[in-house]
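Those protein sequence lines, which keep their order, are chains A and B.
According to this note's numbering, the first sequence is numbered sequentially starting from 1.
According to this note's numbering, the second sequence is numbered sequentially starting from 1.
Mixed in with the good hints, there may be bad ones.
If chains are identical, the list can't say which one is meant, so a pair holds when it fits in one copy or spans any two.
[What the hints assert, rightly or not] Listed next, the in silico SDA-like pairs over lysine to any residue satisfying Cα-Cα at most 20 Å (straight line):
| no. | residue 1 | residue 2 |
| --- | --- | --- |
| 1 | Lys-23 | Ala-98 |
| 2 | Lys-23 | Tyr-182 |
| 3 | Lys-162 | Arg-77 |
| 4 | Lys-48 | His-38 |
| 5 | Lys-48 | Cys-15 |
| 6 | Lys-23 | Asp-121 |
| 7 | Lys-48 | Glu-9 |
| 8 | Lys-137 | Ala-171 |
| 9 | Lys-162 | Glu-65 |
| 10 | Lys-162 | Gly-21 |
| 11 | Lys-162 | Val-198 |
| 12 | Lys-23 | Asp-184 |
| 13 | Lys-76 | Glu-179 |
| 14 | Lys-23 | Glu-179 |
| 15 | Lys-23 | Glu-95 |
| 16 | Lys-23 | Glu-181 |
| 17 | Lys-137 | Pro-119 |
| 18 | Lys-23 | Leu-42 |
| 19 | Lys-76 | Gly-19 |
| 20 | Lys-23 | Glu-9 |
| 21 | Lys-48 | Glu-65 |
| 22 | Lys-23 | Ser-96 |
| 23 | Lys-48 | Arg-12 |
Hint data in this document are derived by calculation from the structure and do not stem from the laboratory.
This structure is a prediction, so every number in the text was calculated from the model and none was measured.
Protein chains: 2
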Amino acid sequence: MNLSPAVTELIRALCCMPGIGPKSAQRIAFHLLERDRHGGELMTDALKFALENVGHCSCCRMLTEQDICDVCSSEKRDSSLLCVVESPADVAALESSASYSGRYFVLNGRLSPLDGIGPEDIGLDVLQTRLQDDQLKEVILATNPTLEGEATASYIAMMVEKRALACSRIAYGVSVGGELEYADGSTLSHALSGRRPV
Amino acid sequence: MNLSPAVTELIRALCCMPGIGPKSAQRIAFHLLERDRHGGELMTDALKFALENVGHCSCCRMLTEQDICDVCSSEKRDSSLLCVVESPADVAALESSASYSGRYFVLNGRLSPLDGIGPEDIGLDVLQTRLQDDQLKEVILATNPTLEGEATASYIAMMVEKRALACSRIAYGVSVGGELEYADGSTLSHALSGRRPV
Ligand SMILES: [Zn+2]
Ligand SMILES: [Zn+2]
Numbered sequence: 001m002n003l004s005p006a007v008t009e010l011i012r013a014l015c016c017m018p019g020i021g022p023k024s025a026q027r028i029a030f031h032l033l034e035r036d037r038h039g040g041e042l043m044t045d046a047l048k049f050a051l052e053n054v055g056h057c058s059c060c061r062m063l064t065e066q067d068i069c070d071v072c073s074s075e076k077r078d079s080s081l082l083c084v085v086e087s088p089a090d091v092a093a094l095e096s097s098a099s100y101s102g103r104y105f106v107l108n109g110r111l112s113p114l115d116g117i118g119p120e121d122i123g124l125d126v127l128q129t130r131l132q133d134d135q136l137k138e139v140i141l142a143t144n145p146t147l148e149g150e151a152t153a154s155y156i157a158m159m160v161e162k163r164a165l166a167c168s169r170i171a172y173g174v175s176v177g178g179e180l181e182y183a184d185g186s187t188l189s190h191a192l193s194g195r196r197p198v
Numbered sequence: 001m002n003l004s005p006a007v008t009e010l011i012r013a014l015c016c017m018p019g020i021g022p023k024s025a026q027r028i029a030f031h032l033l034e035r036d037r038h039g040g041e042l043m044t045d046a047l048k049f050a051l052e053n054v055g056h057c058s059c060c061r062m063l064t065e066q067d068i069c070d071v072c073s074s075e076k077r078d079s080s081l082l083c084v085v086e087s088p089a090d091v092a093a094l095e096s097s098a099s100y101s102g103r104y105f106v107l108n109g110r111l112s113p114l115d116g117i118g119p120e121d122i123g124l125d126v127l128q129t130r131l132q133d134d135q136l137k138e139v140i141l142a143t144n145p146t147l148e149g150e151a152t153a154s155y156i157a158m159m160v161e162k163r164a165l166a167c168s169r170i171a172y173g174v175s176v177g178g179e180l181e182y183a184d185g186s187t188l189s190h191a192l193s194g195r196r197p198v
């Protein structure tokens with residue numbers, strides 16, 4: 001291959017994206033350079049801005065460039081419900097199912113002692129503070145039905161129990177071992193309405 | 001959906017890439033922001049550099065940040081052969097088939113009078129200059145076997161004829177209507193060796 005250094009480096013960098021191999025990366029690089037430089041500039045600007053400004057909501061740990069995200073600051077959301085999920089993608093999936101109107105808490109990970117991921121690494125100290133909210137009545141555990149997801153849910157269930165709050169586990173219609181992120185809206189809707197006490 | 005403006009804008013911008021829909025764009029955005037910020041910075045830097053520096057080789061019109069690309073400046077390439085292709089992706093495909101050692105000319109398009117794309121828009125004035133090279137003996141037409149690709153090949157064949165040079169059309173083993181870019185190396189190798197005079 002005799003592509004120029006800048007084009008070669010661009011193709012290599014585009015492979016940082018999940019699901020994009022060298023062949024797709026090359027097609028994307030040629031497309032942006034040949035046919036859509038404006039799109040390429042939009043991408044550069046949006047990515048640069050997001051990398052420099054997007055962090056985690058100090059209240060729910062969702063990805064946001066704001067100190068407090070829109071869901072946390074909205075007065076329309078039900079403050080008696082708190083749904084704990086592993087990732088921002090899970091929040092996005094639940095929001096697009098339009099079957100949940102409570103608050104969220106995003107772990108951005110799961111407990112994994114072997115990998116050195118303990119309670120503070122997934123923000124459970126921040127969650128502890130959230131559990132002291134007087135309006136809160138029920139915590140819905142929506143971690144993934146994997147070994148580590150279940151262990152994380154059990155750990156949080158103990159924290160919730162100490163605060164004498166209701167605690168439920170989302171009812172998974174999705175296959176065990178699957179990922180919440182990829183469930184369709186109707187499955188997610190059933191999973192929420194079929195939740196049972198822990 | 002309640003994603004923050006910066007994250008929403010990033011997802012929208014990532015959809016500029018061919019083959020990337022909103023769902024994939026969201027997965028990529030979350031991945032880069034949550035798990036691979038270094039990869040995101042590599043992408044931003046590489047894309048910004050490429051957009052600002054990569055243009056077309058003044059000799060063959062291939063994508064490059066150099067004035068003259070590596071293939072054109074290499075003394076190892078056979079200057080008696082000139083292969084005319086529609087896009088940089090076609091050059092990449094032919095190079096990885098390792099069955100061609102001559103020079104290239106990249107049209108970056110094809111004749112399309114209805115879309116207002118005439119000879120100068122695909123660099124045929126630059127090609128005219130290339131045809132005056134004393135070392136050149138044969139022009140290989142490797143435009144795609146589409147209606148516009150064939151019309152472009154016919155037009156260039158007339159230019160080559162006036163210069164009294166040999167002119168051949170690449171032998172396509174690929175299905176008519178298909179794209180050169182996606183042919184495998186062995187198909188491309190056969191197509192090159194089976195070329196016939198126009
Ligand atoms: Zn928040
Ligand atoms: Zn060149």
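Give the relationship of Lys-137 and Pro-119 under a CA distance limit of 20 Å: within one copy only, between copies only, both, or neither. neither (22 Å within a copy, 72 Å between copies)
Between copies, within a copy, both or neither: which fits Lys-162 and Glu-65 at Cα up to 20 Å? Classified as neither; 33 Å inside a copy, 63 Å across copies.
With identical chains, the pair Lys-48 and Cys-15 could be close in the same copy or across copies; at 20 Å between alpha carbons, which is it: within, between, both, or neither? both (17 Å within a copy, 16 Å between copies)
Please work out whether the CA atoms of Lys-162 and Val-198 approach to 20 Å or closer within one copy, between two copies, in both situations, or in neither? within (13 Å within a copy, 85 Å between copies)
Lys-48 and Glu-65: within-copy, between-copy, both or neither at 20 Å Cα: Only inside one copy: Lys-48 and Glu-65 sit 13 Å apart there, 22 Å across copies, limit 20 Å.
Within a copy, between copies, both or neither: where do Lys-48 and His-38 come within 20 Å Cα-Cα? both (15 Å within a copy, 12 Å between copies)
Regarding Lys-137 and Ala-171, is the shortest C-alpha distance of 20 Å or less found within a copy, between copies, in both, or in neither? within (19 Å within a copy, 73 Å between copies)
At most 20 Å between C-alpha atoms: does Lys-23 with Glu-95 qualify within a copy, between copies, both, or neither? between (34 Å within a copy, 14 Å between copies)
Have a look at Lys-23 and Glu-179 and pick one of within, between, both or neither, based on CA distance no larger than 20 Å. between (27 Å within a copy, 15 Å between copies)
Homomeric proximity label, Lys-162 with Gly-21: Cα distance no greater than 20 Å: Neither: 48 Å inside a copy, 44 Å across copies.
What label fits Lys-48 with Arg-12 when the C-alpha limit is 20 Å: within, between, both, or neither? both (18 Å within a copy, 14 Å between copies)
From the Cα coordinates, with 20 Å as the cut-off, is the pair Lys-23 and Glu-9 best called within, between, both, or neither? within (14 Å within a copy, 26 Å between copies)
Hint check: violations occur at hints 3, 6, 9, 10, 13, 17, 19; the rest are consistent with the structure.
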